[in-house]
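Q: Got chain A; can you put chain B on it based on the hints?
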Amino acid sequence: MSTTSTTSIDAAVELRRLTRRSFATGGIAAVAGATGLWWIKRAAPDGGISWPLRTMMEFNTRVSEAIFDPNRLAPTFDVARALEPRVNGMIGLKKELDLRRWHLDVLTGGEKPVVERSLPINAIHELPRVEMVTEFKCVEGWSEVVQWAGCRLSDFITKYGHDTPFVGLSTPDRAYYVGLDRASAVHSQSLLAYEMNGRPLTPGHGAPLRLVCSLKYGVKSIKRIGAIQFTNKRPADYWAEQGYDWYLGH
Amino acid sequence: MRRIEHKHPRPIRWMHWLNVVLLSGMIWSGLLIYWANDIYRVQIGRWVLLHLFPDGFYNAFGLAGRLAEGMAWHFALMWGFAINGLAYVGYTLASGEWRHLVPNRNSFREAWQVMLHDLHLSQIEPPKRKFNGAQQFAYTGVILMGGGSLLTGLAIFKPVQFGWLTWFLGGYESARFEHFALTVGYVLFFLVHIAQVMRAGWNNFRAMVCGYELVDEATS
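Heads up: the protein sequence lines correspond to chains A and B, in order.
Start counting the first sequence at 19; every next residue gets the next number (the numbering used here).
Start counting the second sequence at 167; every next residue gets the next number (the numbering used here).
Just so you know, the hints here were simulated from the structure itself, not pulled from any lab data.
Cβ coordinates follow ideal geometry from the N, Cα and C atoms, glycine included.
Check the hints yourself; a few may be wrong.
[Stated by the list, open to error] Straight-line C-alpha distance at most 30 Å; calculated DSS-like pairs for lysine-lysine:
1) 251(A) <-> 130(A)
2) 296(B) <-> 173(B)
3) 59(A) <-> 251(A)
4) 130(A) <-> 112(A)
5) 324(B) <-> 59(A)
6) 251(A) <-> 324(B)
[Said to hold, decoys possible] To spell it out: a stretch of chain B is covered by chain A in this simulated footprint if at least three of its residues, at any positions, have a beta carbon under 8 Å from a beta carbon of chain A; those stretches are:
7) 202 to 211
8) 325 to 333
9) 373 to 381
Next up, chain B with everything else stripped away, as it sits in the complex:
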C-alpha cells in the first residue's frame, strides 16, 4: 500500500527556494566584484595550476567590467540572504525541525556508511529517515557556512566599524579570502547536492516543492 506522507514544512520549502535565488544572486554579484581583483589561484611554487578565473570565464558569463553593478546588487541582496537565513535558523529551532537536521552521536558513523554506499563501496543501505547522517552534516554545515559568509562579508564591508571582527578573522585580506573560499564551498555543495537530488529521484524532489512524498508501506 502506498500513502502520502508529509515531509518538509511549508516555511522550510519557501525559505529553501528563496535561498536558491538569493544565494545565486549573491554569487553572481560577488563574481562581478571579484573580477576587479581576481588574485586567487592554485599554484605550486611558481607553477599556476588554476587561476580563478580565466578571462574566458568572465566573458562567457558576461561578468567583466561590472564592478559598480556587482556592489549595488551584493549590498542589496545581502539583506535578503541574511534575513532569510536567520529566519530559517529561527524556524528550525522553534519548530523542533532542528532535531532532524543537527548531527548527533551516531551521525559520524552513519555519514561514513552513507558515503561508502553512495560511492558503491558498501552494500549497506542508508537508513530510511528524513535525513541520514551525511545529510545532517551537509545541511547543518551549509548553514554554518552561511553564517560564515555573513561574518566574513561584514568584516570586509565594515572593516573599521567591525574592526574586531576583521581582526579576529586575520585581517582584511584574510577575511576577503575566507569570504571567497566559502563561496567555492557552496559551489562544491551544489554539485553534490544536485547530483544527489537527481539520484534520489522525482518523489524526493517533489517533496521539496509540495511537501509530501509517496511512501510504500510494505507491511500492510
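With the rest of the complex left out, here is chain A:
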C-alpha cells in the first residue's frame, strides 16, 4: 500500500516538474511569437505597409513570376453574361475631359522621361480590334463578367512602344498611375479598350481609352489613360503606395 502511494506521489511530482517545464517553454515561445508579430506590425513602413510584409509581397511576386505561363488565359465567357461593372474609383477622373483635345503620350527614359510621340485616338482604332469577355476582379473581392473591345497592348507596344521590362500608365492629370511587368503587359488579354459591353466607354469607365488587364486585379486596369511610359525601372503604382502589392497578378 505504501509503495503504491509513493509511486503515485512520485508520478505526481514528476508530472508537476514536466508541466512546469513545458508551460515555461510554451510561455517563452508565446512571448517570443507575440513580440515577433508585434515587431512585424510596427516595423518601418515601405509603401504604406510595414517593410517585413512588403518583403513577403515581393517574395510572393518572385514565386508568381516563376510559375507564370503566358499561355494560361483568364477564362472567357459568353457575351450574354456580360454586366455593367460598378464605377469604383474616380481618382484621376475628377476633372471633366475634353475628348477632342485628348491624346496619348508615349514616354521613354527612366528618371526624366521624354515624350516621344503624342497619338490621337485614331492611332489606337487603327490597330487590330480585339473583343474579349472576361471576369473583372476587384481587389475588394467582387467580380463581374464584362465584354471589352480595343487593341492589344502588345500590338500597341510593337508599333509605338519599346521592349522594356516595365510599362507605366497614368491618367492625363497624373493623379492615378499603375505599373505593369512586361509579361503581363504583352499578354494577349491585356487590352487598350475603347468599348465596354458594345458601347463606347463612358467617362466613369475611362473614356476614351483604358487598360483592361485580365491577369491582374481591377486596380491595374487604369481608366482614362493619358500617358504610357516604357522604362527599365519598376514604375510607381498608386495603390502600391497605399500598402497594396505592386504585382497583384493572377
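A: Chain B alone, transformed into the frame defined by chain A:
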C-alpha cells in the same frame, strides 16, 4: 495507483499550438479582406436572417477599412499555415500517429455513441483510447478542411495560373464562397473543440502542453 503516460508527441504539440496562432492570424486577416465585399448572408427569399457580418461586428473588433493590411498579412501567414499543415500531415504519416487519428470501420458507430453520450442521451461511456471515433472524425476532418482552405485559397489567389483549379471549384466566385464557408467551419469546430476540452478537464489539456497525462491503474 497512478502513473504518468506519454500521450502527445512533441512535434504534434508544437504544430498544434503554432497552428492556433497561424489559423487565428489567417481568420483575422481574412476578415479584414472579407469586410471589403461582405456579401454572404443567410436568407429565405428576401428575408435576411443573418448578414455576415453586421457593421457592429467589424467595429467591435476593429476590422473595418484595413483591406491592404489584411491582404499583406494573409499572403504572408499563408506560407506558415501551409508549411505547418503539410509538416503535420507528413509527421503523422511518418510516425504512424495517423493510426490513432484516421477513422476506421468502427468509427462511425463509435462516433454516434460518443455524440449520444456527450448530449446526455446515452449512458455508454466513450472508449478509453487516445482518440475515440468522434475525435477521429473531427481531427481528420479539420485537416481535410485545412487542405480545402489551401486549395480554395490558391484558386482565388491565382485564378489564371491555377485556372484549372478555379474551374474545378466552380469558378472564381464559388471558390471565394467555399473559402469563406470553410472558415465558418473552423469557427464551429473551435466552439465544439473548446467546449470538449473544458469538459475533459485539466489532465487532458495539460497533455497537449507537456505531452503527459496522469492515468489511474485500477487493477494494480
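Q: Give me the numbers of the hints this structure contradicts, sorted from smallest to largest.
A: Violated hints: none; all satisfied.
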